Structures are given as structure tokens and as C-alpha cells.
Amino acid sequence: MSAEVSKNQSQLSRIFKQWRRNRRAVVGAFILIVIIAMAIFAPYVTRYEPQKQNMRNRLQPPSAEHIFGTDQFGRDTYSRVVYGARLSLQVGFYSIGMALLIGCTLGLLAGYYGGVLDNVIMRVVDVLMALPGFLLALSIVAALGPGIENVVLAIGVSYVPSFARMMRSAVLSTRELDYVDAARALGAKDRRIILSHVLPNSLSPIIVLTTLSMAGAILSAAGLSFLGMGAQPPTPEWGSMIANSRPFIRVSHWAVTVPGLAIFTTVMCLNLVGDGLRDALDPRLKNVG
Amino acid sequence: MWRYIVRRLLSLIPVLIGISLFVFLLMHITPGDPAQLMLGEGAPAHQLEALRESMGLNKPWYVQYLSWLKNAAKLDFGNSLRSKKPVSMEILDRLPATAELALAAVTIAVMIGVPVGILSASRPNSTFDNVAMVGALTGVGMPVFWQGIMLILLFSVTFQLLPSSGRLGGLQYLVLPAVTLGTAATASIARLTRSAMLDVLQQDYVRTARAKGLRRRKVIYRHALRNALIPVVTMIGLQFGGLMSGAVLTETIFAWPGIGRMLVEAINNKDFPLVQGTIMTFALTYALVNLFVDVLYAFLDPRLRATYE
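Heads up: the sequence lines are chains S and U, in that order.
Mind the numbering: the first sequence is residues 1 to 289 in our numbering, read in order.
Mind the numbering: the second sequence is residues 1 to 309 in our numbering, read in order.
I should point out that these hints are in silico values taken from the structure, not numbers from a laboratory.
You may find that some hints are simply not true.
[As the list claims (entries may be wrong)] Simulated restraints, written as ranges between beta carbons of each label pair: (1) U:168 with S:16: 49 to 59 Å; (2) S:191 with U:52: 46 to 56 Å; (3) U:84 with S:191: 56 to 66 Å; (4) U:52 with S:90: 38 to 48 Å; (5) S:97 with U:25: 20 to 30 Å; (6) U:41 with S:191: 51 to 61 Å; (7) U:295 with S:52: 50 to 60 Å; (8) S:126 with U:96: 25 to 35 Å; (9) S:23 with U:204: 50 to 60 Å.
From a predicted model like this one, the values you see are computed outputs, not experimental measurements.
Note that CB positions come from ideal geometry on N, CA and C, so glycine has one too.
Construct the complete structure from the given sequences, taking the supplied hints into account.
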């Protein structure tokens, strides 16, 4: 047992060492940690309530009071962007969590058991892939109605196919390995084979796909909110902030520029971390995501 | 080759039927009564009932679906609840604008992405490579709707060089929307061209070509590029999905009269037939473009061509 633990540890530290050598990925991770920390400790790093209006202080440029200025209702842009990070990160986390859980389960079942089950699952996946992800999510939100919960659900569903397909192909390639045959010959049950052999072997591509999909999910959620299908005013959300302050860009563009930069930075950092993980975990996965 | 194309075309049918069922059910669970939407809030009950009866809304959902599917196969998606015009007419009216925008965006993406990728790969880790790849990462991570607004802020509001919305009136109306829509694709194509080139440059036949004394330039353009471009062709197909999604946002920002903007308007108006028809058009286009790219791929790669002949 202890030998196994130390083996795992050494493998982890090897991957970490490899990853650390990638300067872009480390910088991305650092900025991402800062963003997450700011989101968690939002009340401590901001001076104003994100929804507090002050009509005498509308559309102000940056100043000592409001470092990123104010929007059309006199709300502090900086506070709204920081609180908006909470929502965007949560949407990314929950929607991809859902896709991961459902997609991987479907992929596992399809790949491991094959036959009719595989056929049924993969045909459903084919249908979901007949529309580009964002359009699929848009049509689901169109049916369920606007709202951030529906956005999470819609984006989650739109990412199920990628996880299912990746998991299925990972399972198909491990299922045929000699030591899995050996485990089966020794009388190991399906559950045990899946949990202790198939899953650990498929972890690398899944981790990479999760990170990169999280970036995509945040981008999609902001896009849906921009179209008015996501978070509703006055909730501070990056996409809807951009949409709602857009008519005022001729007077003051800060309430549009800053949330956009926030989306861009978060997405870029997640992509950098994901790219770095891909290179560290398995250089063969160059084209994943 | 023809057999392959026909087989692929046939395999599209179940997928399209599946997506049509999915879209139909989505619209079916949407709260809101189409008859009420058509007649307005104050419509008397007997009129509503008569309209529901005539539209078949009182029948079970699968009967409604089958009759919808039968008509959809003839490209008849019913009438828009708002304009009362046939959905297919509405789509045909708007499709050229989207096609024009998408074509312009793909052209930009290929014209810039491929050369940048080649130059980056031929001088890996040079200053050009580093700048280009950071630029490509930026392009991939930028929200398309925000980028569009920033371009409007810069080129329409500040410098007043280009128009910020509309379509008819000349090529200058196309510039900002096409650049906005094309950026992410340009970035992905540049990244992929670079990595495909780097892969190919490590192949034995490239080493052989170098070893027999050919100049570096000649090896890159004569031997490596042809092979590296094959995965890039697939990438252009994959990019098309992102392009369609991006078109919805880009058209909304620039008031570009295409089907992407029409979809958003139809969703906001709860114009179910128009939503269904537009989504089916997107699905069909996506499927056909992917099919075209697969065929092209098989045609370009002699190894694959042999298996299909």
C-alpha cells in the first residue's frame, strides 16, 4: 500500500515539475488563483455594494473613488466585475461538473459494455453534436426561458457529447490492455475493473478537457447573458453588464471594457493552464479540445 | 468515392431526424401558447380554440411532430407567428447575408491564419513565433461580442472610419463584422497550421529532402506545406461550427440582417416556427459543411483516397 502511495506521489510530482517548466501555464494559474480569491473574498476587496445605485454619480471615468468608473446607474464597475467573477466561475464549475458526470458515465457505459447500449448512447450523442455547442445551448435556454440556472443546464448538456466521446474512446483503448484482461481473469468485477483500471487510465485527457471546457463554458455563458438569456439585471454578470452598458459607450466605455477584459483574462488563463496540463500529462494529446 | 459520399449523405438522415425531434420537443415544452401569441392577449376564447384546432395544437405531440416533419422534409416549416410569412421565405431572405459574412470571415481566417502558422513553424521560438502565438491565444480567448463592441468603439466612434451597423451600402459595412467573426478562427487556424507544420517537418521524408541538399525554403513549401495543410482543411470545417455560433452574436452586435440575428429575434418574440426552422437550417448547413470537408479530406490525402476507391 505504502509503495503504491509513494509511486503515485512521484508520478504527481513529475507531472507537476513538467508543468511548472511551462512559464505561460504557471502565470495563467497564478492569475487564475488571484481571480478565484477575489471572487471568494469579494466583500473584503471591494468598497461598494455591486447593486447599489447612485444616480448622481452616473457614467464616471476612473477615479480614486471608483477605480474603473461607474455605470449608467452609478454603480461601481470594479465591484460589479469582482462579484460577477463569482457567477461566471460558478457557471463554469457547475455546468462542466454536470457535463463531466453525465458525459463520463455515458461514455464509460457505452465503451465498456458496447453493443446495443453503446449504439443508443452514441446516436443520442451524434444528435446533440449536430448543432454547434453554443447554438445547442441557445436553443435549450430558448425553450427553458432566461435565467442563470437554465444557462448552467444548457451549457452542461452542450458539453456532454465531448466528455462522452472522449471517455468512450479512452475506455475502448484500455479495455483491451493485457492487465485489464488479467484482472478479469482473476475474477475482478466490472465495478472494480472500471474504478481501479479504466478510470485512472483515462484521467489525463479528462483533466485537460475539463480545464479547456471550463474556459469555453464561461465564454458561452457570457454570450448567452449578453443576448439577454442568462443572468437578469441587476445581478452583476459579465455578459449582461456588457449588454446593458453598451448603449452608453459613447459617453463612458468603462462599464463595457472592464467586464470584457475580465472574461478574456479568465478564459485565457484557463486555456493556458489547460494547454500546460496537456503538455505535461501527455504530449500525445496535442489536439485535444 | 461516390459510394462514400452517398453513404455519408444517407447517414445524415437519422441525425437530422433526431435533431428535429429534439428541437420540436424543446419548443413543445416552452411555456406560451402559439394561438394566444398570434391573436394577442385579449382574443376571445372561441377564436383561440378555433385557431388551435386549425393549427392542430389540440392533437397529441407525436401527431403534431409527424405532420411537422412531413412538411419539413419539403422545406415547409410553417408560417412565422409574427410576420405570418412562410418560415422558409424568411430564412431564404436572410441566408445570403449570413453566407456573405461567414465567407468573408473564413477568407480572412485562411489568408492570415495559414501564412502566420507557416512562418511561426519555420522559425520556432523566434520573436515572430512568440508574438504570433500570444496573439493567437488572445484571439481564441476574446469574447466575440465584446471584441465587436471594442472595434465599434475604436473604428466607428473614435476614428469614425467604418460604419457600426447595417449591411447595404458597400463593402465597408462588411469589414468590422467579418473581422470580428473571423478572429477566433484565424487564431485557431494559425495555431493548428503551426503545429501541423512542426509535425511534418520532423518526418523522415523532410529530413531526406534536406539531406539530398534541397534548400530549406524549397523543402518547406514544396514538401512540408502540402502535407501540413491536410489537417488544416479539417480544422476549417470544425471552425465552421464556431463561426455559426459567432455569427449569432456578431450579427446581433452589428445589426447584420442574417439568420443568426433572426434566431435571437425569433426567440425573444417566442416565434416557435421560425426558431425551429432557423435551428434546422443551422443543423443542415453544419452537417453539409462537415460532409464536404470530410470528402475534401479524403480527396486530398492519397492514403485515404485509396481506401475509398
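Here is how each hint holds up against the structure:
{"no.": "1", "hint": "U:168 with S:16: 49 to 59 Å", "in the structure": "holds, 57 Å"}
{"no.": "2", "hint": "S:191 with U:52: 46 to 56 Å", "in the structure": "holds, 52 Å"}
{"no.": "3", "hint": "U:84 with S:191: 56 to 66 Å", "in the structure": "holds, 58 Å"}
{"no.": "4", "hint": "U:52 with S:90: 38 to 48 Å", "in the structure": "holds, 41 Å"}
{"no.": "5", "hint": "S:97 with U:25: 20 to 30 Å", "in the structure": "holds, 25 Å"}
{"no.": "6", "hint": "U:41 with S:191: 51 to 61 Å", "in the structure": "holds, 57 Å"}
{"no.": "7", "hint": "U:295 with S:52: 50 to 60 Å", "in the structure": "holds, 59 Å"}
{"no.": "8", "hint": "S:126 with U:96: 25 to 35 Å", "in the structure": "holds, 30 Å"}
{"no.": "9", "hint": "S:23 with U:204: 50 to 60 Å", "in the structure": "violated, 32 Å"}
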